[in-house]
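Residue numbers (the UniProt record's numbering), protein chains in the order written: chain A, 1 to 417; chain B, 1 to 308; chain C, 1 to 388.
Worth flagging that the hints you see were computed from the coordinates, not collected in a lab. Please note that a few of the clues may not be correct.
Across the chosen pairs, the derived CB separations fall in these ranges [what the hints assert, rightly or not]:
id, chain 1, residue 1, chain 2, residue 2, range
1, A, Ser305, B, Gly43, 33 to 43 Å
2, C, Leu351, B, Phe80, 51 to 61 Å
3, B, Ala126, A, Gln396, 38 to 48 Å
4, B, Ala84, C, Leu215, 39 to 49 Å
5, C, Arg193, A, Asp51, 29 to 39 Å
6, C, Val338, B, Ile293, 15 to 25 Å
7, C, Arg239, B, Met183, 47 to 57 Å
8, B, Arg194, C, Arg239, 22 to 32 Å
9, B, Lys206, C, Phe137, 39 to 49 Å
10, B, Ala126, A, Asp51, 34 to 44 Å
11, B, Ala84, C, Asp32, 53 to 63 Å
12, A, Lys348, C, Leu215, 29 to 39 Å
Simulated coverage check for chain B against chain A, where a stretch passes if three residues somewhere in it have a Cβ under 8 Å from a Cβ of chain A [unchecked claim]:
id, segment
13, 8 to 16
14, 79 to 92
15, 200 to 207
Values in this document were obtained by computation on a predicted structure and should not be read as measured data. Positions of the beta carbon are idealized from the N, C-alpha and C atoms, including for glycine.
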Amino acid sequence: MRRLKDLIENRLSRRSVLTGTAAAAMLATAGAFAPSLAQDVNTTGLAVTDDTVTVGILHSVTGTMAISETGSVQAEKLAIEQINAMGGVLGRKIEYIQEDGASDWPTFAEKAKKLLVNDKVAAVFGCWTSASRKAVLPVFEQYNGMLYYPTFYEGLEQSPNVIYTGQEATQQIIAGIDWVAKEKGAKSFYLLGSDYIWPRTSNKIARKHIEKLGLKVVGEEYYPLGHTQFNSVINKIKLKKPDVIYAIVVGGSNVAFYKQLKAAGIDMTKEKPVLLTISVTEDEIRGIGGENIEGAYAAMKYFQSLDNENNKEFVKAFKEMWGDDIVIGDVTQAAYLGPWLWKAAVEKAGSFDIDKVRLASPGIELTTAPEGYVRIHENHHLWSKTRIGLAKTDGQYDLVYETEELMEPDPFPEGYQ
Amino acid sequence: MFADYTWTELGSIFAMQGFAGLILFSVFVLMALGLAIIFGQMGVINMAHGEFMILGAYVTYLCSNFVQAYIPSLFGIYFFFAMALAFVAAGALGALVEWALIRHLYKRPLDTLLATWGLSLILQQAYRSIFGAREVGVSLPNWLLGSVPLTDIIEIPINGIFVMVLTLVIAIGVYFLLFRSRMGMQTRAVVQNRVMAGAVGINTEKVDRNTFALGCGIAGIAGSAFTMIGSTGPTAGQLYIVDTFLIVVFGGAASLLGTIASSFAISQAQSTMEFFLSGSMAKVLTLLTVVGILMLRPEGLFSLKMRR
Amino acid sequence: MTNVKSFLSRQDLLGLAIIAAVIFVLMPLAMDIFRLNLFGKYLTYAFVAIGLVLCWGRGGILSLGQGVFFGLGGYCMAMYLKLEASTPEATAIQSTPGIPDFMDWNQITALPWFWEPFNSLTFTLIAIFVVPAAFAFIIGAAMFKRRVGGVYFAIITQAIAAILTILIIGQQGYTGGVNGITDLRTLKGWDIRTDEAKYILYYVNGALLIGALVLCQFVLKSKLGRLLVALRDKEDRVRFSGYDVANFKIFVFCLAAVLSAVGGAMFTLQVGFMSPSFVGIVPSIEMVIFCAVGGRLSIFGAVYGTLLVNWAKTTFSETFPELWLFGLGALFIAVVLVFPNGLAGLYRTYLGPYVDRWISKKPPSGGTPAPAATPADYDADPAAKPAE
């Protein structure tokens with residue numbers, strides 16, 4: 001009985017699409033694009049009409065993760081607006097449906113399913129934490145959707161239904177450790193993180209790489225998410241006197257950690273110890289306070305202060321849309337790449353069909369990315385440069401180093417597992 | 001793990017570690033004192049306690065912005081005004097909440113839990129709507145940052161000393177207010193026998209409101225002080241709530257001395273274990289020990305013997 | 001049937017019939033499979049809510065840690081499904097094929113001993129009942145024998161929820177950590193992700209819920225149910241009458257735990273993963289709210305309360321994500337201040353009398369017609385008095 005009902009509904013909706021396209025074809029106005037018929041560019045029943053295409057934005061607007069995900073939502077909306085201003089994708093304006101994951105992983109899965117099954121969106125830009133991505137992953141694979149995931153993350157994953165626009169762990173970690181070993185002459189490392197998969201996996205890779213270089217890890221330590229008292233670990237750090245404190249603390253703990261580090265007299269502006277982090281973007285510094293983190297180094301692919309034309313335009317547009325006092329972090333920039341990469345892939349494929357977009361994706365390049373040039377690898381991650389920034393009191397990073405070459409993404413690093 | 005160090009280094013580290021434990025102790029007392037007053041004296045479970053603390057933090061944030069913008073010359077001492085203002089703001093909100101919500105629920109302690117949980121959700125969303133979902137950075141005067149080096153290794157964080165002194169002042173203040181003042185006498189009378197207290201002419205409703213407001217006000221001060229060591233965001237209050245309740249229950253709900261003793265025990269245990277174990281395990285072990293002891297001694301460390 | 005009638009009055013039967021009709025007929029007709037699957041997910045929370053009616057509404061034991069039992073049931077199921085999904089063929093790219101993927105990421109090279117038994121479906125099904133029951137028994141025995149109750153019990157259960165969450169997240173090599181156990185595919189070779197499977201699981205879930213309702217109604221109408229109300233209102237008097245109060249409390253707490261665990265297991269099957277975010281304090285308190293909104297004294301009310309709150313959550317957060325928390329917070333306060341008996345109380349006050357009259361027009365055909373909530377249930381507990 002259900003089947004029958006579905007069948008009828010499908011028929012009906014297909015017919016209405018057909019009549020719609022017929023009407024559009026009759027009225028076909030010659031624009032910059034000669035709009036191709038909806039049924040040509042969309043053979044799988046996605047929400048594509050003759051002049052619009054619908055995508056989904058899926059982030060937490062409420063709950064504990066809202067703090068981090070707000071920037072990504074803003075970046076994605078900006079990209080969509082800019083693409084629309086340029087004439088859209090295949091002549092179609094992008095419309096978006098925004099859903100709230102509410103910092104709750106099952107809600108993410110539920111909303112992802114809604115976007116794919118009910119709204120039939122052509123792509124989803126979203127998720128932030130690994131847990132939310134893991135929760136939606138089976139949904140995207142089952143219903144064949146396309147997710148553009150912006151966060152730097154632990155790797156160990158490669159899905160045909162996800163494009164990872166942030167860096168995976170090896171890209172961020174290896175260049176950073178090489179740099180600190182070479183430039184700062186670091187010999188010993190203290191690894192510290194919040195207790196969940198990303199910091200643990202990242203520290204694992206870091207430890208392997210440090211030992212490969214013949215250097216020493218003198219401590220490794222994890223604290224529950226939301227932990228606010230770091231005096232004991234700071235004492236341990238003082239006891240071990242490491243050359244580098246390698247910190248992957250996230251969320252509210254971040255603020256507590258850096259404030260207490262500074263208060264305990266560990267001055268990061270001095271030669272030793274060097275603090276190297278992969279989890280503090282400009283966004284986080286707003287909460288921490290620039291004066292508390294001055295002198296720390298961060299290894300990631302983007303800083304708001306990057307001095308290139310793309311980035312200047314991006315920062316200007318972002319501030320015009322969302323206000324002058326806003327800061328842009330690594331993930332925000334990666335989220336901004338999502339819609340652009342999708343647009344390029346759709347136009348290369350000449351179709352919105354998920355399978356065709358997937359086939360077209362590897363090799364897609366973006367020369368207009370604020371971080372510079374990026375390219376999609378066969379494994380759906382991005383080739384990108386890794387940069388080291390020095391935190392200043394005004395909450396911005398100064399670029400002190402960037403890799404010569406694009407770093408190859410390697411989600412399943414040999415010898416690091 | 002200590003083989004490679006000299007005795008001086010070890011001595012210094014143990015001194016530092018002891019100091020870290022003391023800071024944690026002060027932080028716990030500051031968190032729990034307001035709750036202990038409300039829970040212990042009134043039997044009300046205030047799940048929104050963390051949100052009252054964050055209110056204090058946001059008041060401090062506003063003060064710091066205001067002072068920086070208009071009277072930068074006073075920036076060095078604004079923190080004291082901010083704390084006073086945080087006390088007033090949180091206390092006023094507390095009085096309002098007592099009037100609108102709590103006073104209808106005195107006979108149903110478990111229901112206050114649900115109602116105040118609802119209140120905490122509303123406050124969180126209110127903070128989010130007003131201040132944004134992101135954490136805000138509170139600028140502090142320079143003299144509050146940094147540390148005093150005693151020896152090469154021993155460095156005493158100034159904000160730690162500040163929190164300790166503040167805790168001491170507030171604890172003494174609460175002691176005098178509850179045990180040496182007329183208001184305190186009335187409060188204790190109402191706790192011990194509400195009907196009799198009413199019969200001898202004590203305005204029990206007013207006492208209730210003042211007590212609740214006092215507890216919330218202290219939470220506000222705590223929140224204000226915690227801008228020095230923690231984060232200020234809409235959901236930051238949630239980080240404190242379980243610890244705080246455990247401290248109060250562990251100490252024996254009706255006893256302020258018990259709250260202080262339990263803060264001391266838990267903070268020392270946690271900070272020692274954190275030094276030897278990983279942070280997550282230390283936390284689990286501390287919580288397990290507390291729950292274990294509570295199962296053996298449900299009335300907590302200190303309890304008032306009284307007829308029910 | 002006479003047996004059944006002794007504990008199911010006409011009103012109860014009507015209530016059951018309506019719930020059954022809603023679950024089995026109305027919703028499948030009205031909703032597509034996506035919405036129906038969501039609805040099925042809400043129904044798994046209803047197991048927790050009716051358990052809370054028993055131990056909180058009737059027994060006066062407020063547990064803020066029901067998420068623990070929901071999680072235990074869900075994790076047992078998830079462990080079995082994960083093992084089935086982690087065949088050596090499916091996990092060939094791992095350095096140790098044949099173990100769950102998250103173990104491989106954490107350098108665990110052999111299946112931990114406590115995972116081994118979960119290769120067996122029989123063991124898993126037994127574990128879903130026994131593990132939470134045993135855990136609840138330990139907590140209950142330790143607390144109730146020492147006469148810990150009320151607020152203290154609530155806060156200690158809350159702490160247990162916090163501890164378990166930290167443990168699960170911290171031991172990620174064995175538990176999947178904060179991500180939980182994800183990507184579950186088949187049950188005994190049967191793909192649980194297809195639409196047909198979702199329909200079948202939905203109906204199984206519905207049938208289990210009806211079964212749980214009947215069981216709870218039986219308990220409530222038995223002598224045990226009466227004793228529960230008595231010890232909620234005057235524990236000492238029950239004790240002085242020679243009853244061992246603690247044993248009754250332990251029993252009802254274990255029963256509620258098992259119900260939650262069944263809900264958790266069904267949740268895992270329908271949603272396809274389990275994560276520590278169902279174990280912690282926040283979900284546990286939310287579950288109490290489901291129960292409170294429905295009416296803490298009525299098991300039928302609890303089901304409707306669960307559905308209403310979750311429906312509101314989904315709808316509001318789709319339409320006004322920013323306002324959702326205001327609405328939820330206001331709902332908490334309103335339920336406590338204005339409608340302490342929730343939906344069931346509203347029904348009793350406004351609709352119940354008409355229904356009773358309508359039913360009693362027909363002559364009762366045996367058994368004593370007991371109203372769903374007799375006045376005695378409301379006495380003594382001021383919170384429980386219906387607004388009149």
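Right, here's what the structure says about each hint:
1. Taking the beta carbon of each, A/Ser305 and B/Gly43 are about 55 Å apart, not inside 33 to 43 Å as hinted.
2. A hinted range of 51 to 61 Å for the beta carbons of C/Leu351 and B/Phe80 is consistent with their spacing of about 59 Å.
3. Against the hinted window of 38 to 48 Å, the Cβ-Cβ separation of B/Ala126 and A/Gln396 comes to about 31 Å, which falls outside the hint.
4. Checking the proposed 39 to 49 Å range against B/Ala84 and C/Leu215 shows it is violated: the Cβ atoms sit about 58 Å from each other.
5. As the Cβ distance of C/Arg193 to A/Asp51 is approximately 35 Å, the hint placing it in 29 to 39 Å holds.
6. Roughly 39 Å separates the CB atoms of C/Val338 and B/Ile293, a value that falls outside the hinted 15 to 25 Å.
7. For C/Arg239 paired with B/Met183, a C-beta distance near 39 Å fails the hint of 47 to 57 Å.
8. Between B/Arg194 and C/Arg239 the beta carbon distance is about 26 Å. The supplied range of 22 to 32 Å therefore holds.
9. About 47 Å separates the C-beta atoms of B/Lys206 and C/Phe137, a value consistent with the hinted range of 39 to 49 Å.
10. Look at B/Ala126 against A/Asp51: about 41 Å separates their beta carbons, and that is inside 34 to 44 Å.
11. Hint check: B/Ala84 to C/Asp32, Cβ distance near 58 Å, so the stated range 53 to 63 Å holds.
12. Distance hint check: the CB atoms of A/Lys348 and C/Leu215 are about 60 Å apart, inconsistent with the given range 29 to 39 Å.
13. For the segment 8 to 16 of chain B, the assignment as covered by chain A holds, since 3 residues bring a beta-carbon within under 8 Å of that chain's beta-carbons and 3 suffice.
14. For the segment 79 to 92 of chain B, the assignment as covered by chain A is violated, since 0 residues bring a beta-carbon within under 8 Å of that chain's beta-carbons and 3 are needed.
15. Given a C-beta distance limit of less than 8 Å, the hint that chain A covers the segment 200 to 207 of chain B is violated, as 0 residues qualify and 3 are needed.
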